[in-house]
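If you read the sequences in order, they're chains L and V. The numbering used here numbers the first residue of the first sequence as 6 and each following residue consecutively. The numbering used here numbers the first residue of the second sequence as 6 and each following residue consecutively.
It should be emphasised that the hints constitute simulated quantities derived from the structure, not laboratory data. It cannot be assumed that every hint is accurate.
[Said to hold, decoys possible] Now the stretches of chain V that chain L is said to cover, found in silico as 3 or more residues with beta-carbon under 8 Å:
hint : region
1    : 33-47
2    : 79-88
3    : 99-108
4    : 123-134
5    : 256-263
C-beta atoms are modelled at their ideal positions from N, C-alpha and C, and glycine is treated no differently.
The lines below spell out each chain.
There are 2 protein chains.
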Amino acid sequence: MAEQKKLVEEITSMDVDFTRWYTDVVTKAGLVAYSHIKGFLVYKPAGYALWEAVQSHLDARFKATGVENVYMPLLIPENLLAKESDLVNGFAPEVAWVTSGGSEPLQERLCVRPTSETVFSDFFHSDVQSYRDLPRVYNQWCSVVRWEKETRPFLRSREFMWQEGHTIHATEEEARARTQQMLNVYADFCREDLAIPTVRGQKTDKEKFAGAEATYTIEALMHDGRALQSGTSHDFGTKFAEAYGIQFTDRDNKLKYAAQTSWGLSTRIIGALIMVHGDNSGLVLPPVIAPTQVMIIPIQQKKAGVLDKAFEIEAALKAAGLRVKVDASDKSPGFKFSDQEMRGIPFRLEIGPRDIANGRCVLVRRDTREKIECGIEEAAEKLQGLIPVMQKDMYERAKKHLEDHTWTAATPGEFEQTFAEKTGFVKAMWCGDRACEETIKEKYSVTSRCIPFEQEEIASTCVCCGRPAAKMVYWAKAY
Amino acid sequence: MAEQKKLVEEITSMDVDFTRWYTDVVTKAGLVAYSHIKGFLVYKPAGYALWEAVQSHLDARFKATGVENVYMPLLIPENLLAKESDLVNGFAPEVAWVTSGGSEPLQERLCVRPTSETVFSDFFHSDVQSYRDLPRVYNQWCSVVRWEKETRPFLRSREFMWQEGHTIHATEEEARARTQQMLNVYADFCREDLAIPTVRGQKTDKEKFAGAEATYTIEALMHDGRALQSGTSHDFGTKFAEAYGIQFTDRDNKLKYAAQTSWGLSTRIIGALIMVHGDNSGLVLPPVIAPTQVMIIPIQQKKAGVLDKAFEIEAALKAAGLRVKVDASDKSPGFKFSDQEMRGIPFRLEIGPRDIANGRCVLVRRDTREKIECGIEEAAEKLQGLIPVMQKDMYERAKKHLEDHTWTAATPGEFEQTFAEKTGFVKAMWCGDRACEETIKEKYSVTSRCIPFEQEEIASTCVCCGRPAAKMVYWAKAY
């Protein structure tokens with residue numbers, strides 16, 4: 006136990022310093038390492054396996070809605086990026102430029118894609134002629150580069166991995182419906198696969214994506230009470246089609262501009278997983294998404310038959326469809342326990358000589374540390390039953406945390422006091438004026454997270470200027 | 006039928022102009038489109054789906070041998086690239102350089118990865134201390150950039166997708182064994198999943214990878230008799246460890262340099278699939294790898310019940326584990342037939358009003374065009390039986406083509422005559438001298454493809470200089 010304690014003590018407690026706790030978990034759970042370039046991460050096996058799990062779950066959800074995967078070029082010519090003025094103004098300050106290829110300087114510099122609206126639009130321009138060519142519902146999995154000043158693993162990197170969906174439709178109504186549909190896919194994925202509750206809503210004009218008519222978002226609440234934008238879906242109307250000349254002949258034989266959307270979810274979501282579910286022993290992964298669900302830890306593994314039995318149980322659990330590993334390293338059981346806890350593996354199965362003699366083993370839940378004794382033969386069935394229970398419990402705890410940290414402020418005084426005393430979301434009325442948003446940001450270091458779809462009438466006046474209110478907004482400090 | 010003929014006529018016949026046939030297939034089967042940057046492709050849904058199929062089959066084979074996926078940064082600092090002199094000399098002329106990030110020029114320029122030995126070695130340098138940390142068997146799926154002068158879809162691009170495996174071991178023996186093991190994984194994958202036979206062997210020093218002690222290769226033979234290097238596996242010995250200072254404390258408590266390997270297979274393999282199996286109607290995909298295995302084509306689909314029955318059959322085939330689609334577009338059956346043939350979908354299932362009345366349908370094999378009539382109820386079972394048969398037949402035809410186009414030349418005269426009259430591989434003896442390799446390349450425009458593992462004693466003297474022979478080599482014109 007001394008050894009186990011020692012290992013656990015290596016993580017800063019989240020109550021002492023949440024930022025250091027986060028960095029400790031990210032590195033000690035073996036997710037990433039830093040490279041020689043600021044903001045460019047090395048994804049180690051445990052970190053990349055999490056991203057693979059996100060990909061496979063989300064990709065299946067996409068394909069169920071008719072999404073087709075494609076791949077667009079990594080580099081974008083400057084003139085192509087410049088065609089849509091809002092987009093280029095939004096992204097130009099943070100792109101990386103390639104200026105020579107081989108030993109020769111390039112005639113036109115190329116940027117490493119920060120996002121691919123421009124290349125998709127350029128492709129649609131030549132690929133879409135008739136209403137028969139519509140809709141196209143495309144997605145790509147790739148990495149993008151944005152030259153951020155401040156960087157933190159997963160939350161803000163200069164290179165990050167994501168998926169970017171890009172669709173094109175005959176009507177603006179259809180595009181708007183697709184924008185909503187994909188936002189719902191993200192929210193369902195977060196709730197069902199990641200056990201993360203989110204608030205759905207629309208971004209204010211100040212916070213929306215450069216070039217979008219409207220941006221929709223899902224916002225999650227981290228353990229420290231700060232919000233994390235976890236997925237966004239953009240409705241472009243015909244804005245890009247007009248900039249890139251994407252016209253099609255409709256059924257009525259008239260030439261019309263097509264309507265577009267894009268939507269993205271990135272490796273940021275791994276930051277959300279860590280900060281929603283983690284505890285002072287490390288990561289806690291929801292069993293549905295966990296790359297390894299069960300770690301079998303043999304006790305007194307040098308005694309005859311112990312390791313054999315551990316591998317026998319591994320084979321039986323695998324055959325039952327569980328993702329399972331045996332820690333057969335030459336470390337002590339105490340070390341292995343805390344290592345499994347640090348890595349957030351949802352269950353451990355302890356098996357020693359006495360257990361084997363009795364035909365029993367011990368299961369331990371990572372989230373509650375509850376110990377469940379059961380017969381070796383029934384371990385698979387027991388675990389299959391525990392997975393949905395643990396998944397649901399984790400979601401309920403996260404939902405309670407979100408609800409317990411969502412406040413209401415009716416007046417400027419209440420608004421100020423809440424941010425002075427509490428952490429979390431504050432629901433308050435807003436006049437719709439960008440100036441008030443900026444004042445609020447300056448005064449309290451909080452931003453508008455979204456105008457939620459579920460509106461409430463908390464007061465009749467803006468929490469900043471006192472003029473008539475237009476919308477209820479979720480405000481919070483955010484990552 | 007007139008319409009079908011017309012569509013088919015759009016492809017250049019491979020006997021008339023193989024290069025144009027290839028380009029026609031690549032674009033008309035909807036695999037890729039060209040972008041505005043030379044050598045950067047747009048992968049359309051059918052092209053990307055093929056790459057996804059390659060990824061899922063190969064990734065499963067990798068993981069079965071203990072490979073773990075990771076992800077390394079896209080950009081590499083110049084000083085890191087420069088540490089291994091052979092590698093930098095090999096790649097410097099063809100890398101793309103990033104010189105500014107955001108609005109600021111960078112202090113040190115960064116190259117877009119052309120391959121990642123340097124970043125993996127740099128990571129291993131800080132991550133490997135003890136024999137307990139070894140081996141590490143890593144792989145990443147990504148795209149790389151090499152500024153090639155001549156480009157052709159899949160075969161040679163400035164950006165291409167691939168996997169690059171990078172492993173590190175305590176002993177050179179273990180590294181060498183891993184190099185061989187992964188070459189065999191590639192050969193098995195080509196044979197079993199792609200129905201492509203390959204010749205296994207070692208590259209000559211002239212043709213090996215920059216920085217490798219030894220490069221192993223699998224070489225396939227295209228329909229026009231030219232060879233395509235389809236996957237390579239490199240044994241680095243301790244060369245990179247010495248350049249990057251990767252030392253570990255071994256069991257004997259001594260500090261030693263670690264041994265490394267790398268191995269890669271790229272989107273080139275899609276070029277091989279096209280040129281090994283394609284015909285004058287387009288692509289022919291082996292059923293094991295085909296993203297869509299069966300296209301259901303309704304005849305007289307406007308008649309009541311036809312489309313319903315087509316979707317009913319689709320559901321039944323899907324439930325049986327087949328990958329299937331219905332072509333319910335408003336095109337004629339003739340158009341749909343030739344479209345399905347162009348796209349290389351292994352089977353089509355024709356279903357019309359008369360078939361429905363009789364409870365029958367017609368299956369057509371893409372490779373032989375054989376028609377098989379069967380009951381609607383037994384279609385799933387029939388197709389499941391046909392898949393391994395068609396896969397095997399395709400492999401056997403490709404193998405026969407390879408064997409029929411492999412020649413033996415014992416003397417300089419025979420060597421010259423064979424290349425003048427035949428296409429394909431020529432097996433001939435070589436003294437081991439680089440000068441002879443260069444002479445042969447200059448005289449006949451052929452390169453040494455590999456020193457095959459299965460050696461034969463064709464003659465006792467070199468086919469170029471007449472001095473004593475060291476090895477038998479496969480020679481060919483190559484892509």
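Consistency of the hints with the structure:
1. 33-47: holds (count 7)
2. 79-88: Our answer is that it holds, as 4 residues pass the Cβ test (under 8 Å) against chain L, meeting three.
3. 99-108: holds (count 10)
4. 123-134: holds (count 5)
5. 256-263: Since three or more residues must qualify, the claim that chain L covers the region 256-263 of chain V is violated, with 0 doing so at under 8 Å.
The structure fails to meet hint 5 from the earlier list, while all remaining hints are met.
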